[in-house]
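Here is what each chain is made of, one letter per residue.
Number of protein chains: 2
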Amino acid sequence: MKKVDLKQKVVSENETLAQANRARFADGGTLVLNLVSSPGSGKTSLIEETAERISGAYGMLVLTGDLVTENDARRVRRHGVEAIQICTGDACHLDARMVRDHLLGSKAKHYDLVVIENVGNLVCPATFDLGEDLKVLLVSVAEGDDKPLKYPPMVRASGVLVISKTDLVPYTDSDPDRLAGNALRINPNLAVFKLSSKTGEGLDQWIGWLESRLAAKRQSRARG
Amino acid sequence: MKKVDLKQKVVSENETLAQANRARFADGGTLVLNLVSSPGSGKTSLIEETAERISGAYGMLVLTGDLVTENDARRVRRHGVEAIQICTGDACHLDARMVRDHLLGSKAKHYDLVVIENVGNLVCPATFDLGEDLKVLLVSVAEGDDKPLKYPPMVRASGVLVISKTDLVPYTDSDPDRLAGNALRINPNLAVFKLSSKTGEGLDQWIGWLESRLAAKRQSRARG
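Residue numbers (our numbering), protein chains in the order written: chain A, 1044 to 1267; chain B, 1044 to 1267.
Hint data in this document are derived by calculation from the structure and do not stem from the laboratory. Computed from a prediction, not measured in an experiment: that's the story for all the values here. The beta carbon of each residue, even a glycine, is placed where N, CA and C say it ideally should be. Some clues are possibly wrong.
Derived coverage of chain B by chain A (criterion: at least 3 residues anywhere in the stretch with Cβ under 8 Å from a Cβ of chain A; other residues may be distant) [stated by the list, open to error]:
no., stretch
1, 1108-1117
2, 1172-1180
3, 1188-1199
4, 1204-1211
Derived pair list, reagent style BS3-like, types lysine-lysine, alpha-carbon separation capped at 30 Å [to be verified]:
no., chain 1, residue 1, chain 2, residue 2
5, B, Lys-1052, A, Lys-1052
6, A, Lys-1260, A, Lys-1237
7, A, Lys-1237, B, Lys-1241
8, A, Lys-1052, B, Lys-1050
Only chain A is shown next, with the shape it has when bound in the complex (with noise of 0.2 Å):
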């Protein structure tokens, strides 16, 4: 009863600070996504043909979540976007007060698109709001086309599903019509994109979107 209830207050207290991330996000009309997976699933790989493709337009941050390694933001500056490494130790997923501790607290410049890439860990950051418009959870046709229905939480928490690593179809049993549907059974709501960052398919279509999202955001900030 104990552990559960000091569970909560702990999910509690991130609430709070979450709530107040976003706030500040939506005053400088920053689109933020939260990019969630299992280990190994591309996350890096889509940020890094994200900041190919939309750096030049918009002003770009990535915050790279780890256990250790600056290897991930290492990658991602190479294509000329900022990013910020924040290291967890031994903790399995970013919570709020590290997005406030490691961006808010920092400088007052204006970015158009924060993405963050937490822990890869299909559990624990479900439960961690960190501030952000949309989770997009990323799962690779390597994993098998079940892995939505055993991870029923993270699919529940996000608003975007990206079937990634595409390129190895041909090469494993995964059909991506049935992960999508294994995951819409679970969230109807999700926006489903399928692609490969090796062989650019399917990388117009999220590139697409994400313009219209910050599109809109330019107009809110424009009549705010």
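Given the coordinates of chain A, assemble chain B onto it according to the supplied hints.
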């Protein structure tokens, strides 16, 4: 501070239960493996192939951990092996109490081999001893060769590394030797296997190693 203390308390209570599990497994001369990995690295497939090759000669029981669904236990049972599904709800890892309650309380039957398939999660299960002889860490070649560097606690906690889905090597940027090297830099004592449950490549080495461990347990039981 309080949060850290509570986590330590939970881990230390788990450790006490794990030692009790370990003592009971040792009394029975049972070899216990705790399979850990990201979601979709092929734990269930490896268990299925292992069951096909081992269960004629050795009494085998499988415990499969998932947030929800009986799917994995059902897959394993098709190979004529007993399987118990542990649904963890929102818990991101198995713990020693779940193993005790589902296994040790139930029957006095002897098993030579108990394989525990943990929740797909490369972070949290590293901290929770279940009373196993060894953690067997799976990393699929589709996840990227850098994964051991990014999740070092799990690499340190494991005794065996299985590099899985080697059939996908020609279609990815993976070099399994580099992946193994990254893991061995963190834990030089790892036994490393490279295999594909799909093509059967490398399974003989894995089964050979497992049989030698089972034979050693049998000998120690005969002496005891």
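Do the hints match the structure? See the list:
Requiring three or more residues with a Cβ within less than 8 Å of a Cβ of chain A, the coverage given for the stretch 1108-1117 of chain B holds, as 5 such residues are present. Counting residues of the stretch 1172-1180 of chain B whose beta carbon lies closer than 8 Å to any beta carbon of chain A gives 0, which falls short of the minimum of three for the stated coverage. Here the stretch 1188-1199 of chain B counts 7 residues with a CB under 8 Å from a CB of chain A, which clears the bar of 3, and the coverage holds. Counting residues of the stretch 1204-1211 of chain B whose CB lies closer than 8 Å to any CB of chain A gives 3, so the stated coverage by that chain holds, three being the minimum.
Taking the CA atoms of B/Lys-1052 and A/Lys-1052, the gap is near 17 Å; set against the 30 Å cutoff, the hint holds. About 24 Å separates the Cα atoms of A/Lys-1260 and A/Lys-1237, which keeps this hinted pair within 30 Å; it holds. Using a Cα cut-off of 30 Å, the hinted pair A/Lys-1237 and B/Lys-1241 holds, with the two alpha carbons roughly 24 Å apart. Taking the CA atoms of A/Lys-1052 and B/Lys-1050, the gap is near 14 Å; set against the 30 Å cutoff, the hint holds.
Checked against the numbered hints given earlier, this structure breaks only hint 2.
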